[in-house]
Amino acid sequence: MTRTRSLFSLVTLSALLLWGTPVLAASHHFEMTIDDVIVEVAQGLKYHTFAFNGQVPGPLIHVQEGDEVEVHVVNMTSLPHTIHWHGMDQKGTWKMDGVPSITQMAVEPGEDFTYKFIAEPSGTMWYHCHVNVNEHVALRGMWGPMIVDPKKPEKIEKKVTRDIIMMMSTWDSVYAMQPGKGGMPTEEGNMDYFGLNARAFPLTQPIRVDEGDVLRIRLIGAGGGVHNMHTHGHTFLVTHKDGHALPEPYRADTVMVGPGERYDLIVEANNPGRFIFHDHMDTHVTNAGKYPGGIVTVFEYNGIPTDDWYAWKDVSFNPDYFYTESLKKPHGMHMQPGFAGEPAEKKGRRRGGN
Amino acid sequence: MTRTRSLFSLVTLSALLLWGTPVLAASHHFEMTIDDVIVEVAQGLKYHTFAFNGQVPGPLIHVQEGDEVEVHVVNMTSLPHTIHWHGMDQKGTWKMDGVPSITQMAVEPGEDFTYKFIAEPSGTMWYHCHVNVNEHVALRGMWGPMIVDPKKPEKIEKKVTRDIIMMMSTWDSVYAMQPGKGGMPTEEGNMDYFGLNARAFPLTQPIRVDEGDVLRIRLIGAGGGVHNMHTHGHTFLVTHKDGHALPEPYRADTVMVGPGERYDLIVEANNPGRFIFHDHMDTHVTNAGKYPGGIVTVFEYNGIPTDDWYAWKDVSFNPDYFYTESLKKPHGMHMQPGFAGEPAEKKGRRRGGN
Amino acid sequence: MTRTRSLFSLVTLSALLLWGTPVLAASHHFEMTIDDVIVEVAQGLKYHTFAFNGQVPGPLIHVQEGDEVEVHVVNMTSLPHTIHWHGMDQKGTWKMDGVPSITQMAVEPGEDFTYKFIAEPSGTMWYHCHVNVNEHVALRGMWGPMIVDPKKPEKIEKKVTRDIIMMMSTWDSVYAMQPGKGGMPTEEGNMDYFGLNARAFPLTQPIRVDEGDVLRIRLIGAGGGVHNMHTHGHTFLVTHKDGHALPEPYRADTVMVGPGERYDLIVEANNPGRFIFHDHMDTHVTNAGKYPGGIVTVFEYNGIPTDDWYAWKDVSFNPDYFYTESLKKPHGMHMQPGFAGEPAEKKGRRRGGN
Chain R
1 MTRTRSLFSL
11 VTLSALLLWG
21 TPVLAASHHF
31 EMTIDDVIVE
41 VAQGLKYHTF
51 AFNGQVPGPL
61 IHVQEGDEVE
71 VHVVNMTSLP
81 HTIHWHGMDQ
91 KGTWKMDGVP
101 SITQMAVEPG
111 EDFTYKFIAE
121 PSGTMWYHCH
131 VNVNEHVALR
141 GMWGPMIVDP
151 KKPEKIEKKV
161 TRDIIMMMST
171 WDSVYAMQPG
181 KGGMPTEEGN
191 MDYFGLNARA
201 FPLTQPIRVD
211 EGDVLRIRLI
221 GAGGGVHNMH
231 THGHTFLVTH
241 KDGHALPEPY
251 RADTVMVGPG
261 ERYDLIVEAN
271 NPGRFIFHDH
281 MDTHVTNAGK
291 YPGGIVTVFE
301 YNGIPTDDWY
311 AWKDVSFNPD
321 YFYTESLKKP
331 HGMHMQPGFA
341 GEPAEKKGRR
351 RGGN
Chain L
1001 MTRTRSLFSL
1011 VTLSALLLWG
1021 TPVLAASHHF
1031 EMTIDDVIVE
1041 VAQGLKYHTF
1051 AFNGQVPGPL
1061 IHVQEGDEVE
1071 VHVVNMTSLP
1081 HTIHWHGMDQ
1091 KGTWKMDGVP
1101 SITQMAVEPG
1111 EDFTYKFIAE
1121 PSGTMWYHCH
1131 VNVNEHVALR
1141 GMWGPMIVDP
1151 KKPEKIEKKV
1161 TRDIIMMMST
1171 WDSVYAMQPG
1181 KGGMPTEEGN
1191 MDYFGLNARA
1201 FPLTQPIRVD
1211 EGDVLRIRLI
1221 GAGGGVHNMH
1231 THGHTFLVTH
1241 KDGHALPEPY
1251 RADTVMVGPG
1261 ERYDLIVEAN
1271 NPGRFIFHDH
1281 MDTHVTNAGK
1291 YPGGIVTVFE
1301 YNGIPTDDWY
1311 AWKDVSFNPD
1321 YFYTESLKKP
1331 HGMHMQPGFA
1341 GEPAEKKGRR
1351 RGGN
Chain Y
2001 MTRTRSLFSL
2011 VTLSALLLWG
2021 TPVLAASHHF
2031 EMTIDDVIVE
2041 VAQGLKYHTF
2051 AFNGQVPGPL
2061 IHVQEGDEVE
2071 VHVVNMTSLP
2081 HTIHWHGMDQ
2091 KGTWKMDGVP
2101 SITQMAVEPG
2111 EDFTYKFIAE
2121 PSGTMWYHCH
2131 VNVNEHVALR
2141 GMWGPMIVDP
2151 KKPEKIEKKV
2161 TRDIIMMMST
2171 WDSVYAMQPG
2181 KGGMPTEEGN
2191 MDYFGLNARA
2201 FPLTQPIRVD
2211 EGDVLRIRLI
2221 GAGGGVHNMH
2231 THGHTFLVTH
2241 KDGHALPEPY
2251 RADTVMVGPG
2261 ERYDLIVEAN
2271 NPGRFIFHDH
2281 MDTHVTNAGK
2291 YPGGIVTVFE
2301 YNGIPTDDWY
2311 AWKDVSFNPD
2321 YFYTESLKKP
2331 HGMHMQPGFA
2341 GEPAEKKGRR
2351 RGGN
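Here the protein sequences come in this chain order: R, L and Y.
Be aware that the first sequence starts at 1, since it is given in the numbering used here, and climbs by one per residue.
Be aware that the second sequence starts at 1001, since it is given in the numbering used here, and climbs by one per residue.
Be aware that the third sequence starts at 2001, since it is given in the numbering used here, and climbs by one per residue.
Misleading hints may appear alongside valid ones.
DSS-like cross-link-like pairs, simulated, lysine-lysine; straight-line CA separation at most 25 Å [to be verified]: (1) R:Lys290 to Y:Lys2313; (2) Y:Lys2159 to L:Lys1091; (3) Y:Lys2290 to L:Lys1181; (4) L:Lys1095 to Y:Lys2313.
Now the stretches of chain Y that chain R is said to cover, found in silico as 3 or more residues with beta-carbon under 8 Å [said to hold, decoys possible]: (5) 2177-2191; (6) 2251-2260.
Honestly, the hints are just simulated from the structure, not real lab data.
Quantities reported herein were computed from a predicted structural model and do not represent experimental measurements.
Idealized CB from N, CA, C, for every residue including glycine.
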């Protein structure tokens, strides 16, 4: 089959009668491609990724608990892939779980597949390839966020004024331009760059806030490493684990996030200033052996003057770097132009057909 | 002394009057050897292990809280060893704790030692050697599960229909056949295989369930690595940490388990299908640099047809691979023929006497 | 400016009227230097550290919640540094947070800086350099404990009879005497030694207790590694995370502590004997590839006879190794002569002036 990349989201609302109460459940149709794309993940480091809709991280999927989600995916790369919807229960739809040789055959180059399932349970979820995860997930950026809003949010969730998504991962400069290789204990990689939404400081972005804001920070362990995220100037409340409300939220200033895990933090913006927020795994704040770099951002309170020596005094601000603007949009799939890469050079591989 | 391997478990029941209520506390006597045994831990990888009663993982020890446990161990290998009963309080019996040069002298080759202690507290415990742990525990499989049933189980424990034990660890092919070496930061190993009950997928086994089953999954971090166990298709409830009931169980789909840690998960089998359950540490699902492998199993619901492309369509099923059948037996020590290895070739070492 | 090293602590008490109740808030002034110091961190391993007041770990800072803390620091080394007060909210004092190029310019060699902030919130906190953390924090020992006593302690805190601080970290023998290098994924280090309060067993110390003691163990992940601290013979209660009281303390025998994290454990000394307490990360109990070593201590109950084969039968006991004696002293900054190193040889570098 041949396809051009069509990025649209079709939403159908259907009235359901549930326990005597009319509830609206939406049906979403999303079109996705998987593309060979070069992304500049750190200053001077171009990386060959396999990108959902050409961007790393992938587009935001934002739906309501109980919505029907249909995703038609076309594999435009030269390697097999699938999509696993991490956290989705797939009740009654196990063949939509996206695991090669367990729930489906992998989607070969040029082929397509349609995933269809109900968005349950609610919370901070994500999607990623499930083929050769050591390379595709750990080193080629094949992941994106999927936020499922709950039917009955917790009290504290209703107070949130800024919603923030952070996906942490590792890059290996040795295999940056060698798609199909890397991520193995038997290979001699460097694992020398670290990404916060795929990019390394200073290519990351600050979090601009107003005093009084209530931030919800959704941490997602997307790569193969363990991250210890530490807020300066703010104690946070850990409210959700893997999307699920904790029965007893607890306070902390550092939280460990392993591969596949998610933690939701509530941060009250009550301390005007400029405070770093970073991975405390010491090597993760370096780029190719130089500090500072990697998994670093800064809470920048609006109204605080910029000092001459401030590392980000000249930053060109992207308010959607942590998906904050996208999360305000109606439910659907939202592209992030700032995360798009350049198409990789084709090497005579077959594309768009089989 | 000279001993032949005698595998029996002697149980004595004795009536005790506790708080006016007659309670039966059992006395168990177990015979154990430590043997040089070759185990096929992955396809094409034979490994020289030091095996409790000739098997890796070791035999299940399953007793009641408050029972008296006596284990007579004979070291049939050519290196010193001990047994530490991880999680046991050893109240009043600190010399039974099994730590060389702290609580006892190591048990030398050909020598024996008798451990005797009360099984307290209850929960998912385990035993392992405490000599040269970097090699013996992290790389030679010197561990087994010890389950102590509580006198007063939690409500949710009573609902369990299938009890499952999973011990996660790492193997290093470089040192596979070099007993006495490996596991050190100063040695150049590969750490390239990963075991779920000592074997790497596809040598692991599926978990066969019926809809309606309530699974209790007892995760044990037995080796030197950190594991992020992720269930597909099922959110679980984390109920116990290191054998102890959590005051507030919480829901999740991924749980991090470090060396020595245990987590008990409750999984309701309410979603017929075929769902992978694996380590999300990306390298841990590979064998010598090839995906898939390592720490992988599958929830297989009975009644789901097998597809031609299913990785385990021809699997020869062992219902006791996760100790489920053994856990149904009366309290005692239970051998697992499926975990036994082949005796290693003797190289003129003294054996069975001194 | 030129300074001699003056180690004094000036405390001013000032009466404040808070909600109608007079509360005493103290003002502390501390003098600190950062020094090039050689510390014997393991038998046969001398290490070039950058040491707060010439000791590793740094001096204890022990104050009351709400106290004013002023620290005048002079950088006597040849590299830039700062001090970050990990866990302090820095309410209204963000320029005191100690992060180079974010909250201040780094303190250059020979220069000084004065930090001034309110000690809030209470709990197990710590301080460390925030320049080149991969080397200065992960490999040069630039950290010390800061304990902020709460105005309203939890019930269980009042029962504590022995207060114990443990800072875990990693050393790399390859870079031991190469200040300015090490700690990078791109460098080929060994990461072959592991410290409990900076030293490797047997240079660590036992914890001597009486039956009936209630221990509070404050674990601090100071280096770049993940540690799994395991008590033998004692189940503990995890009461605080990062200094903050958990709403529901839970029982365990092993706790994972990542970089920057703190856990407070309550251990009831109800089991006379000799019990090891160690990192269960198997490599972390070795020194340069030899077991035992690294992160190991022993609960030694007073009155238990010493056996000939006991590893520490001849130990020269330092009751303040875990800051227990210092924590009994009045609030202030307390030096630990046992942690002091030897001044490193000067190589014509400028010192004490600029």
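Status of the hints after comparison with the structure:
{"no.": "1", "hint": "R:Lys290 to Y:Lys2313", "result": "violated (45 Å)"}
{"no.": "2", "hint": "Y:Lys2159 to L:Lys1091", "result": "holds (22 Å)"}
{"no.": "3", "hint": "Y:Lys2290 to L:Lys1181", "result": "holds (11 Å)"}
{"no.": "4", "hint": "L:Lys1095 to Y:Lys2313", "result": "holds (16 Å)"}
{"no.": "5", "hint": "2177-2191", "result": "holds (count 5)"}
{"no.": "6", "hint": "2251-2260", "result": "holds (count 4)"}
Checked against the numbered hints given earlier, this structure breaks only hint 1.
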